[in-house]
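Visitor: So you can see what is in the structure, the chains are spelled out below.
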Amino acid sequence: MNGTEKPIGVAIIVCDKVITEVGTGNKTIVSTFNNIRTANFPCIHPYMAVYVALSNSVGVKPINLLLKFGEKTLIRVGGKITFPDRNAVVEIIFNLVGVPFTEAGAYCFEIHADDEYIFESRFSVTKIEE
Amino acid sequence: MSACCALEPAVFYYPKPDEEAEKKKPSLPGNVCIELYFDLTAMISQEILKILLSQEMSDKELIEAAEKTGTFQFWNNPQDDVYNRLL
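Note that the protein sequences, when read in sequence, are chains Z and B.
Using my numbering, the letters of the first sequence map in sequence onto residues 4 to 133.
Using my numbering, the letters of the second sequence map in sequence onto residues 51 to 137.
It is worth saying that the hints were derived from the structure and are not from the lab.
Built from N, CA and C at the ideal position, the CB exists for glycine as well.
Where hints are given, some of them may not hold.
Claimed, not checked - Have a look at the derived ranges for each label pair, beta carbon to beta carbon:
1. Z/Glu8 with B/Cys54: 23 to 29 Å
2. B/Gln105 with Z/Thr31: 47 to 53 Å
3. B/Gln105 with Z/His48: 52 to 58 Å
4. Z/Ser127 with B/Lys118: 58 to 64 Å
5. Z/Thr27 with B/Ser104: 52 to 58 Å
6. B/Ser104 with Z/Val33: 47 to 53 Å
Chain Z extracted, bound-state conformation:
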């Protein structure tokens, strides 16, 4: 139990926002989606949130969320997360403002722990034909 256990991915949910209830800490995940449609590129998506749940680790670990398009990393955001015990489910909320999408295609949110890939969630950006 020295913090070397690799976390297991429980969930990655892309949504409009995540509300945390004061008191219980329970989360409400609002308006999930897996596709963004736009008439023009590049497009800036004004606001989105990514809910991530991880487990099976102990101690402090650097966790990062990467938005990737192919091999290109568009966004990298994160920080140190404390796993209180191996069975705890640790929840992380990433609030993303002004997310840039340069072209249509398959995008991917990857979770990395200790700069090591853990798991991912894919979503697509499509062009609206006028």
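Please arrange chain B on chain Z, whose structure you already have, making use of the hints.
Guide: Frame of chain Z; chain B shown alone:
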């Protein structure tokens, strides 16, 4: 009886909030803000009271109207004719 709860989540933001810029933002001390609030509230209340006074009301009606609008408490200038009329 049961209840559900969860750990407080870690929250990250993109782009990162500019902490230095936040520190440089001008801010008023809390007591100044409170004083400004009360000054403004008092000014607005006095304006409302002037409107009430311009109406043809008995003293009793005037006091009731001032109480209803929450302005009575700001009417506390003993030099004021209105104050004397009310009290």
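Visitor: Against the earlier hints, flag every one the structure doesn't satisfy and list their numbers going up.
Guide: Structure breaks no hint.
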